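My request is simple: use the sequences and hints to build the entire structure.
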Amino acid sequence: MIITTKGKNGLKLMIDLSLYQGQEYVKLRDIAKREEISEKYLEQIVSYLQKARKVKSARGANGGYRLVKKPEEYTVGEIIKCLEGDIVPTECVHGDDACEKRYKCFCYPLWFKLNKSMDDVLEHTTIQDLIDWKKNENTLGIEENE
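Reading the sequence shown from the start, the letters are residues 498 to 643 in this note's numbering.
Simulated from the structure, these hints should not be mistaken for lab results.
The structure displayed is predicted, hence computed values, not measured ones.
Don't take every hint at face value.
[Stated by the list, open to error] Cβ-Cβ distance ranges computed for the label pairs, FRET-style:
| no. | residue 1 | residue 2 | range |
| --- | --- | --- | --- |
| 1 | LYS537 | PHE603 | 42 to 52 Å |
| 2 | CYS604 | GLN520 | 44 to 54 Å |
| 3 | MET615 | GLY557 | 15 to 25 Å |
[What the hints assert, rightly or not] Calculated cross-link-like contacts (lysine to aspartate or glutamate; reagent style DMTMM-like; alpha-carbon spacing at most 25 Å):
| no. | residue 1 | residue 2 |
| --- | --- | --- |
| 4 | LYS548 | GLU581 |
| 5 | LYS567 | GLU597 |
| 6 | LYS631 | ASP513 |
| 7 | LYS509 | GLU532 |
Just so you know, even glycine gets a beta-carbon here, dropped at the ideal spot from N, CA and C.
The following block contains the structure:
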């Protein structure tokens with residue numbers, strides 16, 4: 498259930514592209530510097546995103562990476578799944594491999610509801626939402642010292 502560094506840094510990369518691409522391609526070294534992430538690690542992450550057609554690249558002096566779509570058209574869920582695979586609270590609710598004892602299990606409804614809630618948040622939150630939330634942190638009740 499834990500989203501790994503790859504998933505978190507993949508979201509940071511997508512947000513950075515959203516903020517800095519304009520009409521230009523963004524260089525990984527610039528993202529690495531701004532986000533304090535190894536450029537080599539970003540190369541690995543961006544290769545997954547490129548294969549999944551979430552970003553595109555250009556070579557040359559003005560080359561780099563940019564989003565294929567607008568930030569509001571990417572869900573956090575699609576980015577995380579591209580990099581991590583399915584995120585589930587327990588294997589009991591994992592697709593076709595769902596637990597065979599689920600109809601007898603008292604805990605299964607909890608895992609099912611938790612999975613649905615997580616999926617709803619991930620699939621209904623966009624990259625643009627993340628950007629907007631950060632700009633409006635004070636309206637979300639997030640304190641800097643928390």
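Hint by hint, here is what the structure shows:
{"no.": "1", "hint": "LYS537 <-> PHE603: 42 to 52 Å", "verdict": "holds, 47 Å"}
{"no.": "2", "hint": "CYS604 <-> GLN520: 44 to 54 Å", "verdict": "holds, 52 Å"}
{"no.": "3", "hint": "MET615 <-> GLY557: 15 to 25 Å", "verdict": "violated, 41 Å"}
{"no.": "4", "hint": "LYS548 <-> GLU581", "verdict": "holds, 14 Å"}
{"no.": "5", "hint": "LYS567 <-> GLU597", "verdict": "violated, 41 Å"}
{"no.": "6", "hint": "LYS631 <-> ASP513", "verdict": "holds, 13 Å"}
{"no.": "7", "hint": "LYS509 <-> GLU532", "verdict": "holds, 7 Å"}
Against the hints set out earlier in the document, violations occur for numbers 3 and 5.
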